[in-house]
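Number of protein chains: 2
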Amino acid sequence: MSQKPSLPKGTRDFTPDEMAKRNFIFDTINKVFKNYGYQPIETPAMENLSTLMGKYGEEGDRLLFKILNSGDYLKNIDQTDVTNDNLSKITTTISEKGLRYDLTVPFARYVVQHRNEITFPFKRYQVQPVWRADRPQKGRYREFYQCDVDVIGSDSLLNEVELIRVIDDIFKRLNIDIVIKLNNRKILTGIAEIINAPERLTDITTAIDKIDKIGVEKVYEELRQKGLDEDTIEMLEPIINLGGGNSQRLICLKEIIGITSAGSQGIQEMQYILDLTEQLDIKAEIKMEQALARGLNYYTGTIIEVLAKDVTIGSVCGGGRYDDLTGVFGLPDVSGVGVSFGADRIYDVLTELDLFPEQVQGSADVLLVNFGEQEAKFCLKIMEVIQNSGISAELYPNPAKLKKQMKYANQKSVRFVILIGEEEIKSGQYTLKDMITGDQMNGMLSELINRIKQ
Amino acid sequence: MSQKPSLPKGTRDFTPDEMAKRNFIFDTINKVFKNYGYQPIETPAMENLSTLMGKYGEEGDRLLFKILNSGDYLKNIDQTDVTNDNLSKITTTISEKGLRYDLTVPFARYVVQHRNEITFPFKRYQVQPVWRADRPQKGRYREFYQCDVDVIGSDSLLNEVELIRVIDDIFKRLNIDIVIKLNNRKILTGIAEIINAPERLTDITTAIDKIDKIGVEKVYEELRQKGLDEDTIEMLEPIINLGGGNSQRLICLKEIIGITSAGSQGIQEMQYILDLTEQLDIKAEIKMEQALARGLNYYTGTIIEVLAKDVTIGSVCGGGRYDDLTGVFGLPDVSGVGVSFGADRIYDVLTELDLFPEQVQGSADVLLVNFGEQEAKFCLKIMEVIQNSGISAELYPNPAKLKKQMKYANQKSVRFVILIGEEEIKSGQYTLKDMITGDQMNGMLSELINRIKQ
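In the order they appear, the protein sequences are chains A and B. Heads up: the first sequence begins at 0 in numbering that gives the first Met the number 0, then just goes up one per residue. Heads up: the second sequence begins at 0 in numbering that gives the first Met the number 0, then just goes up one per residue.
Chain A extracted, bound-state conformation:
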């Protein structure tokens, strides 16, 4: 019967130490979300495949984890159909549900399904795991948490400004220096129009989005491969290579694409957001980046990407405005804007920069040593008093050797140990040991509690 247990590849356990650190991140994020009036929702892990399929492109469909129907799932299968050519037909017959791939599509589904009970503008946040059948590799998992925050049902750019504040606030609290890169889909549209290639918008944005990763030359190469001629690429050059500060960039861009209607509107929106954020107390560097596109094609306005300054790890947060997220579920023309925080990436940044506060350990404050049956019985009462005073405490359950019990306290990073043996019970004077400083004191319980509270 015995078997060596293992986990599915790409999935992870989280130990108490990792949980304490992860909860430090989640608690910080959730607290800020709440502080700005966002409210939490949760959706189930499973969604109907009809909800999920076709929303993430062909590649995304392939990466969905699909759940086998319960019961006799073969009953509608014709034996002769079972060939690799019919894979997707068979999949549809034997599987109706899948695990969510992100939080965006379930949120869109939620909004449509609950639209009569929602108060719009709807400010929601959602922190839950998602699953993707990606090839596992360093830093990429098949199960990982997303932390999404969105406002839906308002086209005001004040929402963008607020999200920038939310981002800044969170990373300020986490002590991570960041750059917030901004762009606008309408600027990208203006660029595609001005070089006479409006129908190639997707190809262009997909290519120039990679400029930071692969460099300018490779971007040009990709554009050539996609069939853009040299003249068009030449026209792109000054736009892509545009440098300088935000205001300088905006002025140049205005000259180049300001005559297109989309370009002009995009520049205006960008200007508005930059103006407002400038007057606020924002620590992050805000950088307009006309090449920023982000993969997802549903963004229609502002595009946001956040990088940690002192680590090269990719983006730690990103998002943007989408004008028709819920249209596919029958509710058109609902504008929204939101960003998603990558908990795993943030974890790695905090680890690399050694920024986790020491106090995130989730251990009890006090261990009561167990010297035997009578002493343990006595300690149960003592423990009640300690816990009622707001200090977390545990009693070692077995009368093991003192050395073993001290080692337990050490390994669990329990700060204080209280020793109550036969003598101490008689005298009412107990011993407290500080495991970090090594200091030891004797005193009545109230004295010990005061000391611990310091």
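Just so you know, these hints were derived from the structure itself, not from any lab. There's no promise every hint is true.
A pair holds if it fits inside one copy or across any two, identical chains being indistinguishable in the list.
Stated by the list, open to error - Dumping the calculated DSBU-like pairs for lysine-lysine here, alpha-carbon to alpha-carbon at most 35 Å:
1) Lys212 x Lys406
2) Lys253 x Lys74
3) Lys137 x Lys54
4) Lys282 x Lys376
5) Lys137 x Lys452
6) Lys20 x Lys400
7) Lys452 x Lys8
8) Lys425 x Lys376
9) Lys400 x Lys30
10) Lys282 x Lys425
Place chain B on chain A using the hints.
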């Protein structure tokens, strides 16, 4: 493209209002767990089917949600094998992973896999959803949260006493009156031995476990159906019908089964736990119940079940001691004890008894009304000051009609509204409205903040 969205049956969304109430429960539970030195872990939603299968009986295997292998899952399938007779063979070929069915088996797997890094006794808690392909019905879902707390690697009965304190503490904080029912598997063994039917232990316990639900007569009927003769059933009668207080029951039981080794040990353990809990400050009624068995056969010692006193809803918490949970994964003789809290049941109890505190709403404290572009710009600065003073606040993103903005505040249960129009900006005197009392005041920002903080 448009489709009416829906959820897989037996699954649920949680709205902001429900989330606030659920988080009230989870926060209370987690806080108590921590206060007693338990540490959190998490395991992935997916486990290998080899880990899950065979642990929950035939019925359990059937109720596991199985995940279709990625890629060309048909490649090892022989067309002619695709018949209903071969269902389980085909399932094994096309699916290697499943969603966890509970938190106990993943915990056992975790302990074995991490045994070299764990400090024993290992006190852990775990609050995560589980999935079962059960027939959905009122109060029973296909996705639901379990809140498990266990100590593993210690056979001390002090752990049982501590868990009773944890249970009592949690329900005290939730304001729910409870009965904690206790039994011991060894007492059940003693009973089976004394009536000369030791090999029928499972049949007997399964039947008498239902005594509260179906009554004594139906229990006898079931025992008859399972082949127990009338003499044996007659011997069971005085044991099953044993009444009175805990000490009286223990005395009677001792007379009946005290001569069996298991029975004698079970009684001794029960006595020890009852003695210790009696000297502690426990609010719950603790009741020894010699018919209590709980379905799961892996309990080897103490059995615990918790019922809410003022509602008939089934158990809100339950668990027990198991001496060989990890044996199946190659780590024998590790004793543990733990209980699981049913968040959904607790939610229903709190709803039925109207016990949710009013303050669990997750809305912002303050809404700033948006009177137009200039006013909104001004309010952004004001909002910064308010939030920095520890008050959560939001600015309505569009300059909508005042009535609409007030309605928004009302529906989201925002307590305070601040109105800053052109006049107010000039005078520096702003208006604060308390949405509950209807009171209104004018004053400087610092005065408003002081008022809100009261």
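So, going through the hints one by one against the coordinates:
When the C-alpha separation of Lys212 and Lys406 is checked against a cutoff of 35 Å, the pair qualifies neither within a copy, at 48 Å, nor between copies, at 48 Å. Within a single copy, Lys253 and Lys74 get their C-alpha atoms no closer than 63 Å, and across copies no closer than 57 Å, so neither meets the 35 Å cut-off. Proximity of Lys137 and Lys54 under a CA criterion of 35 Å is satisfied in both settings, with 26 Å inside one chain copy and 32 Å between copies. In this homomeric assembly, Lys282 and Lys376 come within 35 Å of each other (Cα to Cα) only across copies, at 19 Å, whereas the closest approach inside a single copy is 55 Å.
Taking the closest pair of Cα atoms, Lys137 and Lys452 never come within 35 Å of each other, the shortest separation being 42 Å inside a single copy and 47 Å across copies. With identical chains, the CA atoms of Lys20 and Lys400 are at most 35 Å apart within one copy only, with a shortest distance of 32 Å there and 45 Å across copies. Taking the shortest Cα distances, Lys452 and Lys8 never come within 35 Å of each other, neither inside one copy (45 Å) nor across copies (50 Å). Taking identical chains as interchangeable, the C-alpha atoms of Lys425 and Lys376 lie at most 35 Å apart only when both belong to the same chain, with a minimum of 14 Å there against 69 Å between chains.
In the homo-oligomer, the alpha carbons of Lys400 and Lys30 lie at most 35 Å apart only across protomers (30 Å), although the nearest pairing inside one protomer, at 43 Å, exceeds that limit. Within a single copy, Lys282 and Lys425 get their C-alpha atoms only as close as 59 Å, which misses the 35 Å cut-off; across copies the closest is 29 Å, which meets it.
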